[in-house]
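The residues making up each chain are set out below.
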Amino acid sequence: LGGDDETILLEPRPRVRQLGALELGVGGVARAQVIVLGVSMFAAVFFAVATARPLVVTLVYSLAIGNFTFWLGFVLHRRRGPRAVSWKPTALAIVAGGFLATGLARTWDVRRHGGPFFEPRVLGTSLAGTVLFGAVVAYYFFAQAKLAEREATLREESLRRLEQQQLRTEAELKLLQAQIEPHFLFNTMTNVLQLVDAEPGAAKRMLLNLTSYLRVSLHRTRAGATTLGEELTLVRAYLAIQAERMGARLSYRIECPEELGGMLLPPLLLQPLVENAVRHGLEAKQGGGDVAVRVTRDTDRLLLEVQDTGVGLAQDSRAGVGLTNVRARVRAVSQGRGSMTIEHNEPHGLCVCIALPLPIAAGAGRAGAGAERGPP
Amino acid sequence: VRRPSAIIVDDEPHALNFMKAELAARWPELAIVGGALDGPAAVDLIESHRPDIAFLDIQIPGLTGLEVARRISGRCHIVFVTAHDEYAVQAFERAAVDYLLKPVDGTRLAVTVARLKSRLAAPPPDVAALFRALEERSKSRQYLQWLTVQRGERLLLVATEEVVLFEASHKYTLAVTRDDEWVIRTPLQELEEQLDPARFWRVHRNAIVRVGAIAYLNRVDPRHVFVHFQHLEREVRVSRAFFHRFKLQ
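Note that the protein sequences, when read in sequence, are chains C and B. Taking the working numbering as reference, the numbering of the first sequence is continuous, increasing by one, and the terminal residue is 376. Taking the working numbering as reference, the numbering of the second sequence is continuous, increasing by one, and the terminal residue is 249.
Don't read these hints as lab results, they were simulated from the structure. Keep in mind the model is a prediction, meaning the values are calculated, not measured. Cβ atoms here follow ideal geometry from the backbone N, Cα and C, with glycine treated the same way. One should not assume that every hint holds.
In silico lysine to aspartate or glutamate, EDC-like type, Cα no more than 20 angstroms apart, as pairs [said to hold, decoys possible]:
| hint | chain 1 | residue 1 | chain 2 | residue 2 |
| --- | --- | --- | --- | --- |
| 1 | B | K20 | C | D197 |
| 2 | B | K20 | C | E199 |
| 3 | B | K247 | B | E235 |
Stretch-level coverage of chain B by chain C, calculated; a stretch enters the list once three of its residues show a Cβ under 8 angstroms from a Cβ in chain C [what the hints assert, rightly or not]:
| hint | stretch |
| --- | --- |
| 4 | 99–108 |
| 5 | 115–127 |
Next comes chain B alone, as it looks inside the complex:
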């Protein structure tokens, strides 16, 4: 009878060795055929050794444990290991994917071992359901978070969350924060497509404002509405086309 085989992936050597020792104690027949400290190494290891099981830590460099799982989906049984990932754990529960919490507790590990033993005969399940459950979250991550700006010789980073207002000025765009103004080369139109539409609103042909920074609106008369900000002495006109964003007639 062929012994079942497994690999362990963890970026911390001691944690990897701990898992190895615990598994040896709970499942002596299991052959640990390798260990990897990062994502790409894990993928290589799985492809070269074809183990039955992969214990994947989620927070590893290169590729996360989840990305590794997506690449090797269907090739081996997967058990995720994490110290504290409330969101991922919810997703595992929903998708009925096995997981362990660190530090791994022997009794809990015994349950996982028993489950794995009973499943090994069947082909590894597809983890597509898991990624559907996780997808929503990754979507919200695609917006622009940082601007690289130049001051003299230095390249500085400014979080979009700190920008109060983007203003078109000639060929450039002005990013205005509480304490500073930065010139960036991305045209306003292009910028608008990269910013999170829930947090940044176009209010005028020449201006995008961060909704969270708005203090109040001043409606001078039915056609003239101005945005005022919390920590910035500026006003920006809202053009008629964008009145609906503020529920204005």
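Here chain C stands alone, though its shape is the one from the complex:
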């Protein structure tokens, strides 16, 4: 129960769009037809002069060849789907279109003007016309495909930029909200109120721990970057407060080589894992258990490990949202090169391990790094 579902919307809503070289639409089809007519006219005039035949005859041939090769190519490509412009249907369209068009035009020509059907000179001219149109049609198709692809890339890029901007804003907002969890604050206050009279020393300690927890949290919201040492200060303060609150139900240990304290570390990786382990793992468990935080480095990676003996992940566990967010953050701050595994801890509880490739970039911790990179 409660309003602490920390969902970060990392994915924009699904979009529906169509890509395609030959999804021409009415305007595109009309333009293509004008081009076919223009080239046909030009070819008709050229062959009329070259072969000394009437313009009407060469026009019939060139219109037939032009329209057949182009429209056959159009139909063949559409069947294969948009964007799929390739040599095979183009070649098929040119050869088949050339044959069909020449056959029909020749039939008409022979009926009208007489002479044998197979006349080498006419067929040769027809072949030349087909080659000419073939070149135009092939060029047209490939140019269209390229154009569509470029447009699609542009569109995708601008969408991605928009998404990133949105993600950055959301991430900043969430970073602010994620700093101080209301349950934590109000429950701690209740404890302080009790301890003030009963055990003033413990009350003082708790207030000091709360102070350093708040100081790191608030400072970080402004600064964006943090170091491993600072993160551990936060985690230590948090665990000390929780241990006082939960009494015998929580024990913890933190292991980290001292020389790693100065290392840069993006915020909101280690802290949420620890808070998840306590809140969803141990607070929910009768009798409690323990939390171990272990930081190590090997040659090229920093390893953050949080192990608890809590209730583990039930199907309805709210820990899930938090862990999913941390995984998204790992991906974002490491440009997809880091990893996070969630494992069952034996005999119960969870073991979560984050591996970050080294070196860690100085800007990686900024809220804006929440924006993800898409596939190339």
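Based on these hints, arrange chain B on the given structure of chain C.
Same frame as chain C, now just chain B:
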């Protein structure tokens, strides 16, 4: 005259003691007959001591304060105590159930004490209305959230929210995430029944996709529609039977 009695349930000892002290100050006649640190202990305590009032913290291990209330409904008056539960507080308001916010403020506690004093003569109210108000929320929680997958010797957990696509392959199902593919033993059909239908859509006999991961649809021709994903170079055919999900003809 019999003194009214109460128990306090809170998983944090200091918080429990604080409540005890505040109550002692505001209502000296009230006998605190026990305290419990978790849900099952609270139920036992109520059954053995039959107190007039139970102050129930909501976030306690074993059973939540709400589950305790459901079990002992009608046996004693209930006051819920919570640090911050916007949703529950709304439900309390709607069902006219008494509640206190932590840290408990003396003035506010005095109001609750006065109300309890006037109600003690009557039998404890049934809190069924509260659970009706809360029910809707619990319903949405029943879907599968986690998959347990095996890699070598290790059992890993993968959130269903990270799965882009489930694909049937022979006897198994393939769960595809952005960076990985996992084999799980649950058949696709069975999986479909466990997944949240608002987030996971069957698009083909062999495939269930997470709607949130879809980038776009590619309609190659009227009968061939493919789903493309945001961070995964894959396409999945949408079969005709599922066109309606995408408002396609």
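Right, here's what the structure says about each hint:
Restraint check for B:K20 and C:D197: satisfied, since their Cα atoms lie roughly 13 angstroms apart, inside the 20 angstroms limit. At most 20 angstroms may separate the alpha-carbon atoms for a hinted pair to count; B:K20 and C:E199 meet this at roughly 16 angstroms. Between B:K247 and B:E235, the direct Cα distance comes to roughly 19 angstroms. Compliance with the 20 angstroms bound is thereby established for this hinted pair. Requiring three or more residues with a Cβ within less than 8 angstroms of a Cβ of chain C, the coverage given for the stretch 99–108 of chain B holds, as 4 such residues are present.
With 0 residues carrying a beta carbon less than 8 angstroms from a beta carbon of chain C, the stretch 115–127 of chain B misses the three-residue requirement, and the given coverage is violated.
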